[in-house]
Every structure is written in structure tokens, then in C-alpha cells.
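Given chain E, put chain A in place with the hints provided.
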Amino acid sequence: MTPRLASSFRDPSGRLVLLDGRAIRFVNPEGRETFQAAWESPTVGEFMKRGRIVRSRIVEAGEAQELQALAATRGLDLDHDVDVVLEHEHLFVPSYPYEWPPEMLYEAGVLTLDLSEALLGEGLGLKDATPYNVLYRGPEPVFIDFLSIERRNPHDATWLPYAQFVRTFLLPLLANRKFGISLNQIFSVHRDGLEPDELYRLCGPLQRLGRPYLTLVTIPHLLSGSDDAGGKRSARTKEAKDPERARYVLDRLFRHLRKQLDRAKPISRSPSAWSDYTSSGVHSEEYVKQKLETVEKMIAKLRPDSVLDVGCNTGDFTIVAAHQGARVVAVDADPAVVGSVWTRAREEELDVQPLVADVSRPSPWLGWRNSECVSLLDRLSSSVDLVLMLAVIHHLLVSERIPLDEILELTADLTTRWAIVEYVSPEDHMFRHLARGRDALHASLDQTLFEEVCKRHFTILDSQPQPGGHRRVYALEKKRG
Amino acid sequence: MLRSVWYTIPVALLVWHSEALGFYIDPGSGALLWQAVLSAFFGALFFGRRFVQFVRSKLPGAQVTEADPTTHPAGGPPGDGKS
Chain E
1 MTPRLASSFR
11 DPSGRLVLLD
21 GRAIRFVNPE
31 GRETFQAAWE
41 SPTVGEFMKR
51 GRIVRSRIVE
61 AGEAQELQAL
71 AATRGLDLDH
81 DVDVVLEHEH
91 LFVPSYPYEW
101 PPEMLYEAGV
111 LTLDLSEALL
121 GEGLGLKDAT
131 PYNVLYRGPE
141 PVFIDFLSIE
151 RRNPHDATWL
161 PYAQFVRTFL
171 LPLLANRKFG
181 ISLNQIFSVH
191 RDGLEPDELY
201 RLCGPLQRLG
211 RPYLTLVTIP
221 HLLSGSDDAG
231 GKRSARTKEA
241 KDPERARYVL
251 DRLFRHLRKQ
261 LDRAKPISRS
271 PSAWSDYTSS
281 GVHSEEYVKQ
291 KLETVEKMIA
301 KLRPDSVLDV
311 GCNTGDFTIV
321 AAHQGARVVA
331 VDADPAVVGS
341 VWTRAREEEL
351 DVQPLVADVS
361 RPSPWLGWRN
371 SECVSLLDRL
381 SSSVDLVLML
391 AVIHHLLVSE
401 RIPLDEILEL
411 TADLTTRWAI
421 VEYVSPEDHM
431 FRHLARGRDA
441 LHASLDQTLF
451 EEVCKRHFTI
461 LDSQPQPGGH
471 RRVYALEKKR
481 G
Chain A
1 MLRSVWYTIP
11 VALLVWHSEA
21 LGFYIDPGSG
31 ALLWQAVLSA
41 FFGALFFGRR
51 FVQFVRSKLP
61 GAQVTEADPT
71 THPAGGPPGD
81 GKS
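One line per chain: the protein sequences are E and A, in this order. To convert, note that position 311 of the first sequence is 311 in our numbering; the numbers rise steadily by one, no gaps. To convert, note that position 78 of the second sequence is 78 in our numbering; the numbers rise steadily by one, no gaps.
Each hint should be verified, as a subset may be incorrect.
Per label pair, the in silico range of CB-to-CB distance [stated by the list, open to error]:
#1 A:50 with E:110: 28 to 34 Å
#2 E:258 with A:51: 22 to 28 Å
#3 E:77 with A:53: 54 to 60 Å
#4 E:57 with A:53: 43 to 49 Å
#5 A:50 with E:22: 48 to 54 Å
#6 A:59 with E:242: 20 to 26 Å
#7 A:51 with E:259: 21 to 27 Å
To give an idea of the chain E side of the interface with chain A (calculated C-beta under 7 Å), a few residues [said to hold, decoys possible]:
#8 70
#9 154
#10 161
#11 162
#12 166
#13 219
#14 221
#15 223
#16 243
#17 248
#18 252
#19 255
In silico SDA-like cross-links for lysine to any residue, where the CA-CA straight-line distance does not exceed 25 Å [unchecked claim]:
#20 E:479 with A:57
#21 E:127 with E:178
#22 E:265 with A:32
#23 E:259 with A:38
#24 E:241 with A:48
#25 A:58 with E:91
#26 E:259 with A:58
#27 E:241 with A:51
#28 E:241 with A:59
Because the hints were derived from the structure by calculation, they are not lab data. Values in this document were obtained by computation on a predicted structure and should not be read as measured data. We put the CB at the ideal spot given by N, CA and C, even for glycine.
Extracted from the complex, chain E is given alone in its bound form:
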């Protein structure tokens, strides 16, 4: 079954589907006005030109009908008549907020506020403000939910997505910054972020009175408790008589949210268990230098368009690949190192999208009927020309007890052509450190066995020994069939 994209069915104005690698949005008649307002907006045009809103085009009538017919043959129920068909730029390896380091969630929040403020001047606004409206092109956030842009009532001084913005951007960032709760823990369970009550329970008495907890957590918590459970309150919205006043209020509200977002900004380069791994002296300088040269030469020879760096750590090899012109997705289980890779990629303007993911426990299919958010392996599978597995395989073997053949089979599934992997012998000091005396479990592993298992899935193009005598880097080409 061809899956529909995340949250596609939640928007009554239209459906977003993935058809043969193309991101197609079918807008129904109810969404026509919304679409028109967004499409004709100079602000939207400007943001699209700068790449901050997903680049899109209106599909011509003939092609639109073909796409509708194709969707129908794939069993995709479009439910309503289609008024307009849009094709959006299909971003390389879409990702979800639970795979982002805090730095990327912060930037997505900045983009959402930038867009909201810019749209205000044209009498437009956003219907919702959730990080699921943002994807990443390399290290840059891109707003993707076109139908979220609507014409606002000029007398309305309320920003309806305010609470959602607080729940899905501000509170998760605060929970991460102050209490070390990972975004993965938050978003893989709570689609709509954190409620103030949840953070209130974690805060101490003094913390509850300090900034920004007083206004983001304590007061909303106290006010929600004052609600009339019988639901007897009236349902009318208060409007401002003067549109200029409404606009002024909204403008100040956005500025207030921006200050709050800055207070929740992640502390850059917070230390973690793995953040100083490369510079910690675990490995000799000679080893680090030679491995970099080896990998750089191998990549230069293979010239991949796209690379997946599994277990990227601080991104040294990710950056090498990116400097050679490849677009790179880098994954690591440690949010601190992924954040530092993102910061580095942004500073050097490299096409790198780093994600927080443990390859031994990757993000599964999530959402309604397990079909809204695509699993990480399905998104990565056959998306890249080259997979890097450097200083990773021994961790999977020892700590996760995954058989070598399974690891290399996964590597073959992820790449369309090549892999560069590092063999680490059981005599290596890090291998022994991980094994912690259970050396007998890996007694049969040696270079011969490693190469034999490689050859089940790959052809060995090259292999280079590394300083120390216990490690070897291989360049492999996937076997066809």
C-alpha cells in the first residue's frame, strides 16, 4: 500500500500524497480560497524564492488529471473533488521533530515566527504552528504546509496557534534544556508536544516563579485549573474594533514569543558522553589523521551524489563527504553531537541534514494506524549512493549483539551502490573495552570472516589498514540481484 504522508488526512482543505517520488497536494474546493490567498501573496513568493517555503508549482490540467488517476489506481482515496493540484519540491530524506536535535527545533520555531510576522502585514496568518509543518533541506528549515496559510479576520487580535506553538516549540525546548528530556522522548509519544501541567510537575517552587516558567508554565497551569468543567461559558470571540489595534497586539505577541523562544534556546555544544570522543585521546592522532585521509580518498574516487553517515559522532567524515559535493544525511544516537554537526554544517553552508537516531532502534512507523510518519529505514532505504559505517560495526556487534551478517545486510539495503565500512578486530582496545571480559563471544571474528561476510552482499573494491594494526577501512560495492 502506498502510504499517505504525515498528517495528510488532518487538513480538510486538501491531501498531500507521495506518488512515485513526487510530493503532490490535491486541494479541494473548500481549500481554494486559502490556497489562492497564499499563492498570490508577495510574502509567500519571497519566502519561496529564498527557499524558506517549499518550492511549488501549479500542475496543468492534463497532468493533474493523470495524477488523480494514478492516485486512484494506487488505492488512495481522495474523498473530495479536486480543485487545484500542486507539486512541491520533494525534500531529500524528510525528517520528524522526534529526530531533530534541539537546535533544529529552535530554528523551526524561528522560521514559524518569521513567517507569521511577515504574513501579518498582508492580512494573512497561519492556521497552526507545529514543527510538523517544517522539514529540512540540508541544515535549513523549510515551511511545507501551504494550506496552513489563510486570510485572517482583521479585527481578530487572537493568534489561535499560540497554545500549540507553546506546547510544540517552547515547552519541549525548555524541558530539554532544563531537565534533559530528549525531543525523541517527547514527540514520539506526544504528537502535540507538552502541556504546561506536565512541566509544572517537574519544576521546583522557585523555578515556577522564575522566567520563563512563570508565563509559559505556572500561569497557564493555574488558569487551566480555573476552567468551568460544566462548559457553561459563552463561545463568542472578542474582536478589536480597530484593525490597527488588532495588528499591533499580534505584532507584540509575536515579539513576546520570540523572546520566550530565545530563553528556551538550546545551550550550544552541551557536553555529553560522546561529544569529546574524537579529541579525547582515545585514539592516537596518527590514527585519526590517517583514517580521515583514507576515507577522503575513497570518497573522492567513488564520487557519490548522496551519503548516509551512520554513527557520525562530531561529523568529521560527514563534513569530508559534504566538502566533496555530496548531500549528506548524518545520524547518531547522541543529540549533543548531532546538534554540533548541525551547527557546523550551517556555519559552513554544507548540504548536511543531521538526525538523532539509533540505527539499532530506528524510528518506527508512527501515528494513526501506524501509517502517518514513515519509519526511518523506509525513508533512508535506497536513498543514498554511499553509506559510511566507521567505528560503528563493533558497537552493534558487542553492545547490541546484532550478528555481523545482519549488519552488513542492512548496510546493503540502505545504499544503492557503495559502502565504506571499518572493521575493528576483537584485539582492538575499544573492542575489548566494550566486550568487558566477554571476549569469548567474539573469538571467531577475524579479518577473514569479516571479508567473507562482506562478500555475501558486496564486492571489496579497496581496503586500507589503519595505524595500530587492529582496524581496516573497506570500500565496498553492492552486488546486484
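Frame of chain E; chain A shown alone:
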């Protein structure tokens, strides 16, 4: 801390008199009510700013400065070649 405490007074009053706002309150929508408080505060700032502009426009000094087209901020006529 003092500035934080300053917030709680109008909020406490608002909690007790929230019916007067005429807003629909969903269960658990404390954030929406807090937005209403902020909006009321910013709305008051808006009127305050307008009032100050009105008062300034009535002051004798303010009128001459605004109405005199020969006065140039750089101290000379526009386009006099000064960089």
C-alpha cells in the same frame, strides 16, 4: 523575580473575573487565557501609545518641528551636497 511577581496580580484578578472577558475557555486551555491577558495588556499599550502621540501633537514645540519644511535634520537644506 519582582517583574515576575508583578504579572501575578492582574492574572489573579483575571482568574476570578474571567467571565467578563467573554472568551470561550476550553478545558486545559490556560495558555489561551494567558494569551487573552497578554492581548489585553498589549491593547492597553496601544491606546497608551496613541494617547502619547496625541499629547505630543498638541504641544507647541512638536507642531513647529513637524510642520516646518525648511528644517533639515542635518542642519542644512536637503541636497546641499553634504555627505
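Against the structure, the hints:
no.	hint	verdict
1	A:50 with E:110: 28 to 34 Å	holds (31 Å)
2	E:258 with A:51: 22 to 28 Å	holds (27 Å)
3	E:77 with A:53: 54 to 60 Å	holds (57 Å)
4	E:57 with A:53: 43 to 49 Å	holds (46 Å)
5	A:50 with E:22: 48 to 54 Å	holds (52 Å)
6	A:59 with E:242: 20 to 26 Å	holds (24 Å)
7	A:51 with E:259: 21 to 27 Å	holds (25 Å)
8	70	violated (41 Å)
9	154	violated (15 Å)
10	161	violated (10 Å)
11	162	holds (5 Å)
12	166	holds (5 Å)
13	219	holds (5 Å)
14	221	holds (6 Å)
15	223	holds (4 Å)
16	243	violated (12 Å)
17	248	holds (5 Å)
18	252	holds (4 Å)
19	255	violated (9 Å)
20	E:479 with A:57	violated (81 Å)
21	E:127 with E:178	violated (30 Å)
22	E:265 with A:32	holds (23 Å)
23	E:259 with A:38	holds (14 Å)
24	E:241 with A:48	holds (16 Å)
25	A:58 with E:91	violated (58 Å)
26	E:259 with A:58	violated (35 Å)
27	E:241 with A:51	holds (17 Å)
28	E:241 with A:59	violated (28 Å)
Hint violations for this structure: numbers 8, 9, 10, 16, 19, 20, 21, 25, 26 and 28, all remaining hints satisfied.
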